[in-house]
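Protein chains in written order, with numbering that gives the first Met the number 0: chain S, 0 to 322; chain R, 0 to 322.
Warning: the hint list may mix true and false statements.
Derived coverage of chain S by chain R (criterion: at least 3 residues anywhere in the stretch with Cβ under 8 Å from a Cβ of chain R; other residues may be distant) [claimed, not checked]: (1) 41-47; (2) 57-69; (3) 183-197; (4) 243-249; (5) 257-269; (6) 286-300.
According to the in silico footprint, chain S covers these stretches of chain R (three or more CB under 8 Å from chain S) [stated by the list, open to error]: (7) 27-35; (8) 45-53; (9) 86-100; (10) 119-128.
Bear in mind the hints are in silico, worked out from the structure with no lab data behind them.
Here the structure is a predicted model, which is why all the values come from computation and not from measurement.
Just so you know, even glycine gets a beta-carbon here, dropped at the ideal spot from N, CA and C.
Number of protein chains: 2
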Amino acid sequence: MEYNEFEIISKFFKNHQKKDKNQIKGIGDDSALIKIPKNNLLAISTDTLVEGKHFLKNITPKDLAYKSVAVNLSDLAAMGAKPTWITLSITMPKSDSVWLKSFSKSFFKILNKYKLNLIGGDTNSGPLSITLSIYGLIEGKNALLRGNAKNGDLIYITGNLGESAAGLSLLQKKTFLKNVKICNYLIKKHLKPIPRISEGIALRNIANAAIDISDGLISDLGHILKNSKCGADINLNTIPISKILTDNFKIDEYLNWALNSGEDYELCFTISKKNIKKLNVAIKKKIIKCTCIGYITSAEKGLNLIQNQKKIIFKKSGFNHFI
Amino acid sequence: MEYNEFEIISKFFKNHQKKDKNQIKGIGDDSALIKIPKNNLLAISTDTLVEGKHFLKNITPKDLAYKSVAVNLSDLAAMGAKPTWITLSITMPKSDSVWLKSFSKSFFKILNKYKLNLIGGDTNSGPLSITLSIYGLIEGKNALLRGNAKNGDLIYITGNLGESAAGLSLLQKKTFLKNVKICNYLIKKHLKPIPRISEGIALRNIANAAIDISDGLISDLGHILKNSKCGADINLNTIPISKILTDNFKIDEYLNWALNSGEDYELCFTISKKNIKKLNVAIKKKIIKCTCIGYITSAEKGLNLIQNQKKIIFKKSGFNHFI
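Just chain S, with the same shape it has in the complex:
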């Protein structure tokens, strides 16, 4: 069955959630109306996912809904913001009720998991693409910014890098693995990245700068360095790479995935040495799992990759949507 845009909203996207007390108007008026609690900043991030660029043509509506929200949540995580509201603009070739049912079920599942309320949006017909704007609150003034890294800071990464790219490579049949269990694990890492929300909130009072790894470590760390006017020395031997990758792939392959492929949605952050104790407490309490991969230097030193105590030459290339 096909629906028009008003039917799509009322059938699949309206009244699925309780209003929160700061949401004066949600879906169904010319705009949403919200109230920002005192002493809070509002973090706003927006991301478009286009078929064939950010997701494969054969992605299921369930996986698409999860990933589009997770990717946007990751931007809030990198600011240390608490997720609150979201708007969804969806453009799709036809209003297929089976597709919409599956999409909206998965969409509200992740929204409810992260206590996000849908407050508005738009539905259109056209080639499949999704734009989400996501809103988070930051109590006080300590947001995690890209531009606050300081010379001498230590650089850390949450989790592991490269598994998402391995999963994508398997999905695209560029890589093959006999072990179905491992295949499925890596594909899941690509399709269901976990936004590091609680880590980001915990890091607000520990880290100086942060970014999420969406375009690849080299490219994303590059943003921190550019905005902070710093350089960095990275020890390649310490890059967190899972045993699954080191056991099943060649070093060139997984290092390239870890450095140049994106979509891990781990956080890369810098902390001053005086905050190491605080970080260790958070690690001990299992709020955060992270690895030190190097340190911030001065801008004129640039970004250096060191492997087995030797500087190595690398090709700096993150994910670029226009190549």
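Let chain S serve as the given structure and place chain R on it in line with the hints.
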């Protein structure tokens, strides 16, 4: 020349405007960070414009930039909100510098006119489409909502209806007119609608309910009636239609444009009789130009169109993106 996404942002969309004092972070971090002034509500609206649906394939980048912002501003106008910030997600087949230069010039022109600051966004490659999220402030608590119309309220329309649809019909070569000057005037009405921002702000303390005419009077007034649980009697003889339309087109044609075609972006609002004096003051001060077209009744009476004192039968059909 072609650019990658970071070059597009830094060359065409960054540092074109002064930061306002409530904008802690704009473009260039994982999210924007804003501070909402005390006693203000934040209005948020989002709209996607897709090639071939909301704009014709041969639209110029200049017209596209203007219209996408104007359409979003119109949603804020219908809430009585003061425009403040905007985010832009643009998907385009290639990063053509001539196109981008023209688009961004026109984009910042309308932004500056309405004191809107660009605080973030996203660029992608794919079939041309634009998603804007727009943010406005409402001092106090009096937003113009769709659901506040009361039985006995008078119904008004700002400006005239139908000219945008006439312009579209000319652009699509469904209609022909010999007079080039009139043709260009009507096409301009379609391409450059004026969002009724100052009218919306003035109406916050006068009107009960409001909506902007994006999908057609019948459809949009229908939203007020549905949300307010009311009916309405509309006198077709009073629908504001310009002399240009009545002189150059048949009555069936222009009435259909006025009732069923959208994109006039005028405001339809209801006021209680006790506020007529206040409205007349605003009309006298030239803050608002509007026409009374009928009144609100009870829900069981439904929506009735009256022409020459007779009820007429009409086909209720606004613009539906999925038909």
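Task: Cβ contact check, 8 Å cutoff: the segment 57-69 of chain S against chain R, three residues minimum - done: Result for this restraint: violated, n = 0.
Open item on the list: Can you tell me if the segment 243-249 of chain S counts as covered by chain R, using C-beta to C-beta distances under 8 Å and a minimum of three residues?
Closed with: violated (count 0)
Task: Coverage criterion applied to the segment 41-47 of chain S (partner chain R; beta-carbon cut 8 Å; 3 residues) - done: holds (count 7)
Task: Proximity test - 8 Å, beta-carbon atoms, the segment 27-35 of chain R to chain S, at least three hits - done: holds (count 9)
Task: Three-residue Cβ test at 8 Å for the coverage of the segment 119-128 of chain R by chain S - done: holds (count 9)
Task: Verdict on chain S covering the segment 86-100 of chain R, criterion of 3 CB contacts below 8 Å - done: Since three or more residues must qualify, the claim that chain S covers the segment 86-100 of chain R holds, with 5 doing so at under 8 Å.
- [ ] Examine the segment 257-269 of chain S for residues whose CB is less than 8 Å from any CB of chain R, and state whether their number is three or more.
- [x] violated (count 0)
Open item on the list: For the segment 286-300 of chain S, count the residues whose Cβ lies under 8 Å from any Cβ of chain R; is that count three or more?
Closed with: violated (count 0)
- [ ] Tell me if chain R covers the segment 183-197 of chain S under the three-residue, 8 Å CB rule, please?
- [x] Answer violated; 0 residues pass the 8 Å Cβ test.
Task: Annotated coverage of the segment 45-53 of chain R by chain S, confirmed only when three residues or more have a Cβ within 8 Å - done: Held - the segment 45-53 of chain R has 8 residues with a Cβ nearer than 8 Å to chain S, which meets the minimum of three.
Consistency with the previously given hints fails for numbers 2, 3, 4, 5, 6, ordered from lowest to highest.
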